[in-house]
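Peer 1: Protein chains in written order, with this note's numbering: chain Z, 1 to 114; chain A, 115 to 225.
Some hints could be false.
To be verified - If the Cβ cut is set under 7 Å, some of the chain A residues that face chain Z in the computed set are:
#1 154
#2 155
#3 156
#4 157
To be verified - Chain Z stretches covered by chain A per the calculated footprint, using a threshold of three residues with CB under 8 Å from any CB of chain A:
#5 29-43
#6 98-104
As the list claims (entries may be wrong) - Only pairs whose alpha carbons sit at most 30 Å apart, straight line, appear in this in silico BS3-like list of lysine-lysine:
#7 Z:57 with A:183
#8 A:184 with Z:57
#9 A:183 with A:170
#10 A:184 with A:140
#11 A:184 with A:170
#12 A:140 with Z:57
Please keep in mind that the hints were generated in silico from the structure rather than gathered at the bench. Virtual Cβ for every residue (Gly too), placed ideally from N, Cα, C.
Below, each chain spelled out in residue letters.
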Amino acid sequence: KAGVTQTPRYLIKTRGQQVTLSCSPISGHRSVSWYQQTPGQGLQFLFEYFSETQRNKGNFPGRFSGRQFSNSRSEMNVSTLELGDSALYLCASSLGPAGNTEAFFGQGTRLTVV
Amino acid sequence: SQQGEEDPQALSIQEGENATMNCSYKTSINNLQWYRQNSGRGLVHLILIRSNEREKHSGRLRVTLDTSKKSSSLLITASRAADTASYFCATDDSSASKIIFGSGTRLSIRP
Numbered sequence: 001k002a003g004v005t006q007t008p009r010y011l012i013k014t015r016g017q018q019v020t021l022s023c024s025p026i027s028g029h030r031s032v033s034w035y036q037q038t039p040g041q042g043l044q045f046l047f048e049y050f051s052e053t054q055r056n057k058g059n060f061p062g063r064f065s066g067r068q069f070s071n072s073r074s075e076m077n078v079s080t081l082e083l084g085d086s087a088l089y090l091c092a093s094s095l096g097p098a099g100n101t102e103a104f105f106g107q108g109t110r111l112t113v114v
Numbered sequence: 115s116q117q118g119e120e121d122p123q124a125l126s127i128q129e130g131e132n133a134t135m136n137c138s139y140k141t142s143i144n145n146l147q148w149y150r151q152n153s154g155r156g157l158v159h160l161i162l163i164r165s166n167e168r169e170k171h172s173g174r175l176r177v178t179l180d181t182s183k184k185s186s187s188l189l190i191t192a193s194r195a196a197d198t199a200s201y202f203c204a205t206d207d208s209s210a211s212k213i214i215f216g217s218g219t220r221l222s223i224r225p
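Sequences and hints are given; from them, build the entire structure.
Peer 2: Rendered as structure tokens:
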């Protein structure tokens with residue numbers, strides 16, 4: 001069974017640009033959630049999608065958005081990048097709500113904003 | 115803001131010894147989970163304990179949960195070099211649709 005796949009693994013962008021990250025969940029998993037990890041703030045919840053609907057959202061500005069497709073693949077977009085957006089972005093998939101069941105994480109996308 | 119706080123922030127022990135990490139959280143929970151992360155890579159799920167459970171075992175792992183004290187502990191017995199990693203506790207929110215992570219404990223196993 002293939003794991004959670006995140007692409008790309010590494011990304012360097014310039015301030016003001018926008019970026020799209022992709023996450024392919026484990027086959028059969030309908031819940032996909034996104035997290036930002038930084039040395040200063042730790043692991044912060046961004047949003048969770050289930051069957052193409054955003055069910056929960058963390059405390060991030062509107063520059064951070066996401067969506068989920070009918071095949072459960074998800075993308076997150078960050079517009080007008082800031083230096084502080086440099087982080088490891090992790091995606092997790094689970095059969096049900098992430099808080100209730102085991103969540104499987106991808107290897108992450110390391111975004112550097114210069 | 116983070117729900118859980120792990121204690122200690124860093125722990126270094128000799129291979130073969132036991133490692134204990136503690137987690138405290140702030141609000142009522144349905145579940146508490148422990149995850150491991152190696153060197154800034156993805157997280158690996160270790161164990162999930164529900165609020166009506168007090169103790170759970172999985173191989174060399176033992177997790178306890180005290181909902182009255184809003185705390186949990188993770189014990190790793192007979193530690194190995196491969197256990198070197200960061201360990202995070204995570205709780206659900208009221209909707210159970212998101213995980214709220216603690217700040218983590220960095221565990222180093224000395225050969």
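Peer 1: Now tell me if each hint is right for this structure.
Peer 2: Hints versus structure:
Interface hint at residue 154 of chain A: satisfied, since its Cβ lies 6 Å from the closest Cβ of chain Z, which is below the 7 Å cut-off. For residue 155 of chain A, the shortest C-beta to C-beta distance to chain Z is roughly 6 Å, which falls under 7 Å, so the interface hint holds. Of the supplied interface hints, the one on residue 156 of chain A holds, with its beta-carbon coming within about 4 Å of a beta-carbon of chain Z, less than 7 Å. Checking residue 157 of chain A against chain Z: minimum C-beta separation of about 4 Å stays under 7 Å; hint holds.
Figure legend: the segment 29-43 of chain Z, annotated as covered by chain A; annotation consistent (6 residues with Cβ-Cβ distances under 8 Å, at least 3 required). Against chain A, the segment 98-104 of chain Z contributes 7 residues with a C-beta closer than 8 Å to a partner C-beta. That satisfies the three-residue criterion, and the hint holds. Restraint check for residue 57 of chain Z and residue 183 of chain A: the C-alpha separation of about 28 Å stays at or below 30 Å, so the hint holds. Note on residue 184 of chain A and residue 57 of chain Z: the hinted pairing holds, with a Cα-Cα distance of about 24 Å set against a maximum of 30 Å.
The hinted pair formed by residue 183 of chain A and residue 170 of chain A meets the criterion: a straight-line CA distance of about 17 Å does not exceed 30 Å. For the suggested pair residue 184 of chain A and residue 140 of chain A, the alpha carbons sit about 7 Å apart, so the restraint of at most 30 Å is met. Restraint check for residue 184 of chain A and residue 170 of chain A: the C-alpha separation of about 16 Å stays at or below 30 Å, so the hint holds. A distance of roughly 20 Å separates the Cα atoms of residue 140 of chain A and residue 57 of chain Z; the hinted pair therefore holds under the 30 Å criterion.
In terms of the numbered hints stated before, the structure departs from none.
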